[in-house]
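*Asks:* Given only the sequences and the hints, what does the whole structure look like? Please build it.
Protein chains in written order, with full-length UniProt numbering: chain A, 1 to 339; chain B, 1 to 339; chain C, 1 to 339; chain D, 1 to 339.
In case anyone wonders, no lab produced these hints; they're calculated from the structure.
Do not rely on the hints blindly, as some may be mistaken.
Pairs count within a copy or across copies, as identical chains cannot be separated in the list.
[As the list claims (entries may be wrong)] Under the rule of at most 25 Å between Cα atoms (straight-line distance), these lysine-lysine pairs were calculated in the DSS-like manner:
| id | residue 1 | residue 2 |
| --- | --- | --- |
| 1 | K260 | K51 |
| 2 | K149 | K203 |
| 3 | K149 | K70 |
| 4 | K51 | K306 |
| 5 | K260 | K119 |
| 6 | K260 | K70 |
| 7 | K119 | K337 |
| 8 | K337 | K149 |
| 9 | K261 | K119 |
| 10 | K51 | K149 |
| 11 | K203 | K51 |
The structure displayed is predicted, hence computed values, not measured ones.
4 protein chains.
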Amino acid sequence: MIVAMLETANEEQIQGVLERMVEIGFNVHRTTGAVQTILAGVGTPGNFDHKDFELLAGVAHVHRISSPYKLAGRGFRPEGTVVRFKNGVSVGGNEVVVMAGPCSVEGREQIALAAAQVKAAGAKFLRGGAFKPRSSPYSFQGMGLEGLKLLRDVGDASGLLIISEVMEISQIELMLPYVDCFQVGARNMQNFNLLRELGLVRKPVLLKRGIAATIEEVLLSAEYILSGGNYDLMLCERGIRTFETYTRNTMDISAIPVIKKLSHLPILGDPSHGVGLRDKVPAMARAAVAAGADGLLIEVHPNPDKAFSDGAQSLFPEQFEELMASLRLISSAVGRKIA
Amino acid sequence: MIVAMLETANEEQIQGVLERMVEIGFNVHRTTGAVQTILAGVGTPGNFDHKDFELLAGVAHVHRISSPYKLAGRGFRPEGTVVRFKNGVSVGGNEVVVMAGPCSVEGREQIALAAAQVKAAGAKFLRGGAFKPRSSPYSFQGMGLEGLKLLRDVGDASGLLIISEVMEISQIELMLPYVDCFQVGARNMQNFNLLRELGLVRKPVLLKRGIAATIEEVLLSAEYILSGGNYDLMLCERGIRTFETYTRNTMDISAIPVIKKLSHLPILGDPSHGVGLRDKVPAMARAAVAAGADGLLIEVHPNPDKAFSDGAQSLFPEQFEELMASLRLISSAVGRKIA
Amino acid sequence: MIVAMLETANEEQIQGVLERMVEIGFNVHRTTGAVQTILAGVGTPGNFDHKDFELLAGVAHVHRISSPYKLAGRGFRPEGTVVRFKNGVSVGGNEVVVMAGPCSVEGREQIALAAAQVKAAGAKFLRGGAFKPRSSPYSFQGMGLEGLKLLRDVGDASGLLIISEVMEISQIELMLPYVDCFQVGARNMQNFNLLRELGLVRKPVLLKRGIAATIEEVLLSAEYILSGGNYDLMLCERGIRTFETYTRNTMDISAIPVIKKLSHLPILGDPSHGVGLRDKVPAMARAAVAAGADGLLIEVHPNPDKAFSDGAQSLFPEQFEELMASLRLISSAVGRKIA
Amino acid sequence: MIVAMLETANEEQIQGVLERMVEIGFNVHRTTGAVQTILAGVGTPGNFDHKDFELLAGVAHVHRISSPYKLAGRGFRPEGTVVRFKNGVSVGGNEVVVMAGPCSVEGREQIALAAAQVKAAGAKFLRGGAFKPRSSPYSFQGMGLEGLKLLRDVGDASGLLIISEVMEISQIELMLPYVDCFQVGARNMQNFNLLRELGLVRKPVLLKRGIAATIEEVLLSAEYILSGGNYDLMLCERGIRTFETYTRNTMDISAIPVIKKLSHLPILGDPSHGVGLRDKVPAMARAAVAAGADGLLIEVHPNPDKAFSDGAQSLFPEQFEELMASLRLISSAVGRKIA
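*Replies:* Next up, the structure:
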């Protein structure tokens, strides 16, 4: 921590701050300049809030030096994390992995058809919600356990891995037999109790960025899962909330290269939620891969016009097939591949 | 729902949209203008997403007409809701009610001292966290059940009501005997399972606005609680996330008069989280009351410099006392009172 | 400037950064910690961008220490600036000064009536636009010079001071004889050429915060005017752009106490543009004064329903009168007064 | 315009609104539903603000139907605009055109070297600022006219077209002989007087999106230029301001497909300002082209470490060369080409 004192700070104030830093456990180096005094705290004391120092008498600014996350930082695993699944699928390596399927499981016929379609086009995962977080209590809330079973059946039959959203702690046990990967939705990115429990599970997790979360906060949330011992973690950019309302969210494509630099964790993109409008999804999927994404989550529905939820952002199967073809070209343009 | 067709839409496209509206359950009135055709859907069909219509061929814009929340709307109870507590305290009436105390319960001595101080200054509620959502897994996580017991003891002894944050469903049962009001934090504003459970409880709830939540989303979340039958609900503005980083959040004071107009629910302000800097808290508390807030949540700590959490935004007891004096004057300037 | 090196930085990288700091003119103090090395640059070299250092090999973070504005900082004039006008009016002292009137000057009758109405209610300034920045080229663009003459006539007759917006350099000369204060609109807050010219004028300026401007940027823009020698400067908060669209902008009331602390310049509030909805304007005007604003800009129109622009956010004269009565009470609750 | 009345609106209120709509020039169709009444105004009355209707008694919501821009809309020229320059260069066609060069012209040697480097790598335009808008009055402000002459000389010698920023009306005349395209910076996107003058010029203009501008506002600003008769207009996405501060701005890649749909104007991307960090620029440049951009503006400097401005976001010449190679692959993956 660095504390820059005000130009007008007197010696008593400087000593006050210095003593408080020592009290907390810092080794303090003082730099007395012609204009102002700077106190550099070296060391890593545990539980304190650097903002407390901003209010001490004579203080101009306080700067945190060490990053607040450790296990999620690139330095922890400079070579990058590769999350391995069955069927020889891995995320974070050379292949760009596509996870596709409908927003919600609506019934056997729908999900089986969706699975066949996305598999044929080259997806490795089938996505589909069994428990749905909906902003209105009057909307469709998901098929629950029955939906999970359908996903598993269809996944096994088609050779697709299954990813589905977990909304609360009590669902973890329930979901374990049915999914290959837990998805934590944007609204739960800071549900710390849930994250902590997922840190104890031995199954991969995909953590979506919250719509108002900074990249640093995403990495702090990742830290909750990693610090429980679960290192099979992937992150996912799916749009942030900005003043622009034409698109549902503003997909922050730059988060992809930024997270690649700051962290060793794979980073995927979700263009369906990122823009929320079907006809913009292909362009954003291509942009995410061009920017270096390790994979994509894409909503595809056999019949979007009849979807129980998110129909407006789900691709038609033929659109998805066409998109996959162009993603193959883009992947190879950036030195990656889609099987 | 109103569907405005493109100027270039042909008759076949217009018929396609019209038929889909009828299929869903709308009564459709067609207006054929010189420039464009407008289809007005009358009625309230249940489960559909008006965004689906934006993608139909020939459509220019779609406008939702009826508001997506019903029980939370002002029209449901035009006279406004008054939430009644024991000790003759009520929120939503003429009195501006202040809830104050430390961010976290840290021990008996600390919370007892805090209670005595805020009571003396005029607070009606003691606030204090027993379960703490912290963005870093390495920060203090709260005293849990022991903290709740301390709150209850100290509340009973001092004649203060108790409000504390509930973070997940399993805590509801646990907390019931100890609190007079459940607080739902900003991060849980869209934890719909938790909201649904709180709708079944017969104890008041204070629901905080999420940092990225629109006012409409706050009211939709309120709808989850109200639709369960729990009408003892209060809302709270505590800052939204914007590009301005000097303050922790940007406290949206205008949400107070807006929610007053749109809803019958009482609306409070939380200036401590709203700005996150102790020396700006009094100005924002005064602004909230001047704008019509029904109450305030304020962090006060007997010794902020030693607080386990949020010390930098907690008031010193003497600051709080001084603030209460000026809030009395402001309350009376807007035709309200603080006892 | 503080440069924190990566934990993995080697000695060569550290020397590289150190040499570059010395080259630029810093006196460098090096702190070698167990974990990382910190380089503190003391001194105030002129023209360099601290962000350049972020990209040097081995660098973790760079922190600017000295604030980039000097003349606008509170330290330059700790007692605060009071801008004095004729008629004994001054802004920044004990009095809360209200500037009111229509968005645009529309004709003699309209502006004379507005003047009489706002004067009667206690305003000290008549505001009104002669040159109008409109987002659509098809909207009313203002009366120009003729409007300025009307303002001056009506101001002299009623004893009100005149404030009007200047949109470009060529208008400065033109406006000089007619206005008592130049207003720089939000869209021009970073029109640096215009600001530079206004720094050379010897007439007060009111500078509005841009809708996407941080507080630091407002103060940097103020620096342009101050550095030209014009110290008669006032700032004005009028709403920032956020994700919330219910209100036209989100009025950042917290900017008022923040600017009071960081700068010596008076700070006013403009609730009309801040919320953009007439029925929310009184609440926000009260909030601004309660938070410590030195004055207010408020749109009032003799007949808002017929206004050429901004009718929806203009108060009816009787609303304004009522508002002024409550502002008097709030002012006195915070130790100020409205004459 | 559609006006939805409140469920509680009485007949008198409905008549009041209806009469006001007729007065303004609308043809009104009334739909009386079981729940509420809807008034559809057909026609295109000129100068009125639809927000005025929100405040009339009994009104629930008001929806604008016709888009506020006409000449900028896709419907005006469905086939898309191609802006033609000398040397056979055109923007908006099949080729992705790259404009590259330093932030500022700093001297003959620097700009000549930059020109040679970007030309060799495949750029068609040399960019470079002669007049610089800087947020601090203490920063380098550009070489002015001398810089323009250098640009022209170097452009002619190397066969590059010249684009440079115009900051105010008085510079238009001055710049005309030296540039092939005027660039309007983000801060001037709503400098309507400047836009109007550029509408009268017969030379292409590139208009950058402001950091707080919605896409609709960009198109309204475009309308100012188009309505003056200058149809040689290109738009440019260069980052919007959001809560995320890791990057200088958040480059809104989705604006590219959105503008492609809404407007006929070519849309370029500026990844240098979009992210503001050199090592993220290539990823964002690739993303922009993958999303369908018609061209790119990229800052390249012969020696970024010594640049007078924006060094931290300027590419090294060898980085630019490498980037151009990968952009060629991406362009062909999306059916475009870079010569």
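*Asks:* Give a verdict on every hint.
*Replies:* Verification of the supplied hints:
Taking identical chains as interchangeable, the C-alpha atoms of K260 and K51 lie at most 25 Å apart only when they sit on different chains, with a minimum of 20 Å there against 28 Å within one chain. Taking identical chains as interchangeable, the C-alpha atoms of K149 and K203 lie at most 25 Å apart only when both belong to the same chain, with a minimum of 18 Å there against 37 Å between chains. In this assembly of identical chains, the alpha carbons of K149 and K70 never lie at most 25 Å apart, being 37 Å within a copy and 35 Å across copies at closest. Taking CA atoms no more than 25 Å apart as the test, K51 paired with K306 passes between copies only; the shortest distance there is 13 Å, against 51 Å inside one copy.
When the C-alpha separation of K260 and K119 is checked against a cutoff of 25 Å, the pair qualifies neither within a copy, at 28 Å, nor between copies, at 31 Å. Within a single copy, K260 and K70 get their C-alpha atoms as close as 15 Å, which meets the 25 Å cut-off; across copies the closest is 38 Å, which misses it. In this homomeric assembly, K119 and K337 come within 25 Å of each other (Cα to Cα) only inside a single copy, at 16 Å, whereas the closest approach across copies is 31 Å. In this assembly of identical chains, the alpha carbons of K337 and K149 never lie at most 25 Å apart, being 32 Å within a copy and 48 Å across copies at closest.
Taking the shortest Cα distances, K261 and K119 never come within 25 Å of each other, neither inside one copy (32 Å) nor across copies (30 Å). With identical chains, the CA atoms of K51 and K149 are never at most 25 Å apart, being 49 Å at best within one copy and 30 Å at best between copies. In this homomeric assembly, K203 and K51 never come within 25 Å of each other (Cα to Cα): the closest approach is 37 Å inside a single copy and 36 Å across copies.
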